[in-house]
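*Asks:* Starting from the two chains in their separate frames, assemble the complex, guided by the hints.
Residue numbers (numbering that gives the first Met the number 0), protein chains in the order written: chain A, 0 to 277; chain B, 0 to 583.
Just so you know, the hints here were simulated from the structure itself, not pulled from any lab data.
Check before you lean on any hint, since a few could be wrong.
Claimed, not checked - Which residues of chain B face chain A? A partial, calculated answer using Cβ under 7 Å: (1) L50; (2) F79; (3) A83; (4) F96; (5) V100.
Here the structure is a predicted model, which means the values were calculated and not measured.
Glycine included, C-beta positions come from ideal geometry on N, C-alpha and C.
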Amino acid sequence: MSFRQPSILPGFGLTFGFTTVFLSTIVLLPLAALVLAAGSMHWSDFVHTVLSPRALGSYRLSFGASLLAACINLVFGFIIAWTLVRYEFPGRNLIDALIDMPFALPTAVSGIALTTVFAQNGWIGRYLEPLGIKVAYTWIGVTLALTLISMPFAVRAVQPALLEVQRELEEAAETLGAGRLYVFRRIILPTVLPALLTGFTLAFARAVGEYGSVIFISGNLPMKTEITPLLIVIHLEQFDYQGAAALGLVMLVISFVMLLAINLLQAWGRRRHVRAAS
Amino acid sequence: MSITLDQVTKHYGGVPVVNDVSLDIGDGEFFVLLGPSGSGKSTLLRAVAGLSGVDHGRISLHGRDVTHVAARKRGVGLVFQNYALFQHMTVAENIEFALRVRRMRARARRERRKELLRLVALEGLDERLPAQLSGGQQQRVAVARALAHKPEVLLLDEPFGALDAKIREELRRTIRQVQRELGITTVLVTHDQEEAFAMADRIGIMNLGRLLEMGAPHDLYTRPATRFVATFLGAANLILARRTPDGVQIGGATVAAAERAEDTRENEVVAVVRPEEIEVAASRETLSCGYLGRGVVDEVVFTGALERLRVGLTDEKHAPLLAFGDGESDASLQVTRSQHEQRSFEVRPGQQVAIGVRRVHVLPTPLSSFTACAPSEDLAERLSHQPLLAELAARMKTRITTRSEPQLGIPEAPCQGADTFVGTTVLAAYPDSAQRAEWLLRRGARDLLVLPDEARAPQRVLIHWIGEAARSATLAISASVLRHVPAEAVYVGIVPGQADAAGHPHGMRQLLDARSEAQAAHGLEMRTELHFGDAEQQLARRLGEAPGQMLIVGVGPLAHFTERFRQLLDGGRWPVLIVHRGVA
Chain A
0 MSFRQPSILP GFGLTFGFTT VFLSTIVLLP LAALVLAAGS MHWSDFVHTV LSPRALGSYR
60 LSFGASLLAA CINLVFGFII AWTLVRYEFP GRNLIDALID MPFALPTAVS GIALTTVFAQ
120 NGWIGRYLEP LGIKVAYTWI GVTLALTLIS MPFAVRAVQP ALLEVQRELE EAAETLGAGR
180 LYVFRRIILP TVLPALLTGF TLAFARAVGE YGSVIFISGN LPMKTEITPL LIVIHLEQFD
240 YQGAAALGLV MLVISFVMLL AINLLQAWGR RRHVRAAS
Chain B
0 MSITLDQVTK HYGGVPVVND VSLDIGDGEF FVLLGPSGSG KSTLLRAVAG LSGVDHGRIS
60 LHGRDVTHVA ARKRGVGLVF QNYALFQHMT VAENIEFALR VRRMRARARR ERRKELLRLV
120 ALEGLDERLP AQLSGGQQQR VAVARALAHK PEVLLLDEPF GALDAKIREE LRRTIRQVQR
180 ELGITTVLVT HDQEEAFAMA DRIGIMNLGR LLEMGAPHDL YTRPATRFVA TFLGAANLIL
240 ARRTPDGVQI GGATVAAAER AEDTRENEVV AVVRPEEIEV AASRETLSCG YLGRGVVDEV
300 VFTGALERLR VGLTDEKHAP LLAFGDGESD ASLQVTRSQH EQRSFEVRPG QQVAIGVRRV
360 HVLPTPLSSF TACAPSEDLA ERLSHQPLLA ELAARMKTRI TTRSEPQLGI PEAPCQGADT
420 FVGTTVLAAY PDSAQRAEWL LRRGARDLLV LPDEARAPQR VLIHWIGEAA RSATLAISAS
480 VLRHVPAEAV YVGIVPGQAD AAGHPHGMRQ LLDARSEAQA AHGLEMRTEL HFGDAEQQLA
540 RRLGEAPGQM LIVGVGPLAH FTERFRQLLD GGRWPVLIVH RGVA
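Chain B with its partners taken away, still in its complex shape (with noise of 0.2 Å):
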């Protein structure tokens, strides 16, 4: 491996930058580090050249440990988004740089700059002055700058970012050209996906500090697993779909799964429908493809060789449901068309259609969407404006919707609502909290989020569960939260007992275990922590520690729940997601 990067972490005044990013890159292999601006995708690229240091975690270039290797010995070049050339040297005296450093004799200086200016195409520009070259020019300079001492790795920070249209094609093709002809390791970082697409082997996509997924660009883009890369990777459509035995039911359309499903229960999935994947049609009938409803066309917009619609869809029984959104009529399906498809079936705003799909992709996540559950229709209005919870659901780009429960929490009572819960419910801080979540997880709600009224963005996540069912389910889930808020992530081993020496390998394994499945099965970089005790007992003094934090816990058969959960969950001091599984 040419680059190992092992649990990075780089916090900055307490906010983690980068969280716990772990990855290796392949000798010659071009990677893309791709996210949004502030997503720490910088960061972690000055961290590899050696420009800051990382407070968690170790970085090796080529099998060399060089955590604490300073930048000029670590043999890597980078190129800055705005070239910083040295001004008052030449082409030449600025290509030589690195050569000077390592007082190579001035004939095999100039050799080596002339092979680099043919590699950049800049043959014959040696004694002009940075200031006397185009933006375009210039960055090339600095590219055969970084390669001078040749390096082992080359790093581009957003090389193309100050560069037009055209140049930026042009330098693109230059840069693939040179790191073939080199086959030296590179990380990009940008923010721009067609740029990412064009150059990478592979890209990793980064949000909040956290790598989210990496793989080739097809794979990621067909088979993106979670929201963020499913709709920053190129527009998405998000469906709220049901996962039923015989496959996925979308609108009206069933499709086949092709992923296994967890459990055999009917649950609330994220469907990924890609624009190019919807077709529109006069009828049901004339479609070619599976009918997922109907529609009216707002808006059309020509683009060249594809058309952009905007499609609302209209409300009838089978209705699919969008997850984007919170119910308002401008939520609406993205379509484009081929001129193929504009030829033969031609549409205006305001017409009716029929809408079909052609290929949909289910997420993986755990989370689809909130269910605000209250004593009183208000209440639940009112649970459902609580910030971390907006947060939450503008951050995963789903919907919150209510439900009115009046025997909320009387024993023997039963549901007044639908008789499934779906997604995940949503329950406000009582004082008795542990009855009412017993009583609705005794009613079917999976998965229960108890947030108190001040509840923020949590710092730290703690995570645990009793009982091994339901193990696999919070981890997708711990998962999934950790994706939508920038916290660390803190696994809390617990073994009964005392704090002695039979308990400590035992417990270890446990620690060692749940990492690893987490990294392996779920892309969850977490730490651990081994406690002894009573869980519930430990759990509440490990969150009464600090403020700002989290608890995700799994559970399996609810016997003496409110008992157990009393200390946790009445009055409300954190925000607990209680994940329920394994109900024989």
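Okay, chain A solo, but in the shape it has when bound (with noise of 0.2 Å):
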């Protein structure tokens, strides 16, 4: 068998080539030197550094906030798609542009901009304070960081996904006797379920990575509100490189395994429910 498919464009090798060398140099590369540098660790060592009580606390918040917020974005990416695709009301282009600030924002300054607002004498952290919601420098902030970075993917995954559900399919399920919430559960919702996931996993990732924002909402209290990358940079500048790159081994392999795990899991429903033809 070969790769080759018959194409109207030519250039096969050349593209191919080039994508293997670009992949390398860009991300397998600095990955294998990550690896080497853990490494060349002893083992003791590294165990002790990757499953220290600060940094076991540091994974559970990264990973945990992270997924709390790409399930945030699930839930409210999926509305504000719904909003901008369903519906006509003035405005509507100007909200679509806002999605996309987070993207063009350096982090740290929507890190400084959530913290302002929700310290204790911030905008609304004030009103939160007396009802004993403390937002910045805890958990909370944390996983409000992340959702506000992560939630343009979500929307910008499930968005052409909406547009492309035909408005036939409502209007048939609506004459056979369907009420909205059976149409929505039963018709849109498993249309657009790849789209979602899809959303769900950028979000995921996104969030995973994020550093700028979270450092200043956060607190960083070790064992509290202590984010992994954060947990790096800290053994960075303590010129610990060996740590670091530990810590961010471990980071990768998490990463890796549930990224590749909801991709299974889409794969898996692709073949069992969409086009199981040609």
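*Replies:* Following this line, the structure appears as structure tokens:
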């Protein structure tokens, strides 16, 4: 079997070669360096570093908050995308453009802005304070920051899928006697599910890697509000390159496993649901 | 009645897409809504299904008023042009959808599914996904799905549009069979007249949001009432003929008219001659039917069973006038001939032939052609290009001729042109339109359209008559005009004097009478309004209220016409069509 497919545009060799070289230089090589750096550690040092209580706490926060943020975006990203796709209202284009703002903003700016609003004396924080809810400098703040910066990924992934849901499918279901909730559950949701999962994955991946916005709002208390990327930076600042690499490797492995799992789930869903033909 | 529509109207952005449609469909009937795209037929179907609301009117299914009932509670089955199957569900899940919604037990569901799959001849495909089926099979699944919950009414929205010819034929048969077997009332929407003929018990033809005519396929084909139906259902030659006391004079032939004439005066009518009713022969003597005229064969096209000819008419004294076209040489008769006819007389392009006509159907439409009338030929020519007039003529597939009357409007001055006025006379609006109008009406013009320069197709047509003599003609002409413009029709009833208790019952009766006569005799659905006071004054006030209105007004005797109609006609603020009848 050959990889080569007949195509109108020539240049398979060139483009494939470019892809390989590019990916190797930008992605694989640095990752290999990371593994090597971690590998040069002694085994007990490695275990000591990656399983220290402080590291474990940071994993929990990093992955826990990222998952939570991705879940929040799954729901609200869907709602925002739905509103933008299904309704005509004044200012729709403006809102559509605003969605991308977290992309463009330096993440540190987002962090500072959020802290300003949610600190104990901030615009919103001061009203939450009497209720006993502290946002800034707690895990809630971390989740909030991660939600903000990963939101565009969820919205942008779902939007095109929603555009493609045919109105006629809903109408057909309606004439067959289905109520709105039923139509949503049985028709719309299954159709956009792959896109929703993609959005979830992207948002999660973005949140796990986030650093800039979180350090401002988290307060960075060891064991409590310290995320793994920050811990890595702390190791670096102490010139403990190997320790940083070890933590990085752990993040790499966990992220990779999770993304792979979601991708496999999606592929399985595709096989089961849509277009088994051809 | 299974489906009853009463004055259903739906607007999109101010334009009526479904305009005052009333319709009764009987139990178990297969009704086809036929019309060109944009005629409002799909919108009407969606309104019946409950997928789009209506702005006005009522919809009942089996005697239950469902105008404000949600689609899911109407108990209809709907089939879409592109199937709209749920792609993530198997055939079985698709068909059982409606049953699952109704929480039917799995066993009963399975039985019903088997039954439906047998009905649409798809046994054994239960576990396939829609994407694994051909287009025809998918549409069968869609039909089965729509029938699963035993709806009282089956609605099909261009169900064969996406299929190729052979599959289409097959599916047509299946659907007709299923429909007969279940005895379910069915409405099919299509733009394909062959499909309509093949399937319908009854056809309703829509254009510009209006339901123009309905009836059995054969009746509609042989006796259409409107130009649109005549030309939309198969090919038709529209020929301007003259109705005389002896019959209908068409070209060199005079044929007996089956329809009773509206009055004894000679007038112009529109005759429909189907291409297969025309005979060509070497000479007048060898024709086996009435002689129409002479012509030259322009084009011969072989299409298998039939041969299609285009025959240009030779200019001679009694040559028939084609309603279509503007008098240019390209206007020619369409003729189709069977194999048998081809064998007995072969023709070639360029050959001279005698043309005969076997059957003629005279349209009951009162509007035949337009004559633009002005003091000079130049002005008449300019008037004939007025946008509204040009649009009307194009939509009615009729011709505009010109006529110059140098002394137009000068009291006591005689006519310069022919002594009869043919068809509808058109007059440009002037500051003294009323006087000119009277001049023309007194000299024989019967229908007179006074047209301001800038007039465009109206959104609303007001209808009124002064004196009962013009009543029937006004309604007939209004119906005819409204078939060709997408406007709403409003009958304006006017009771002289003050708005008081005495005038009210009288006025209401007048409105109801007018409405029911328009509906029964002319197939025209109109709204009604009641006003009090002087007729001309009230009409002028009503016309002045909004732009885009036109008036069709019937008048009897012409006494004091100029003074009375000054406020309506002078200056030309709106188009007015005057219908003058009942002169002693």
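*Asks:* Hint by hint, note whether the structure agrees.
*Replies:* Tested hints:
{"no.": "1", "hint": "L50", "in the structure": "5 Å, holds"}
{"no.": "2", "hint": "F79", "in the structure": "5 Å, holds"}
{"no.": "3", "hint": "A83", "in the structure": "4 Å, holds"}
{"no.": "4", "hint": "F96", "in the structure": "5 Å, holds"}
{"no.": "5", "hint": "V100", "in the structure": "5 Å, holds"}
Of the hints listed earlier, there is not a single one the structure fails to meet.
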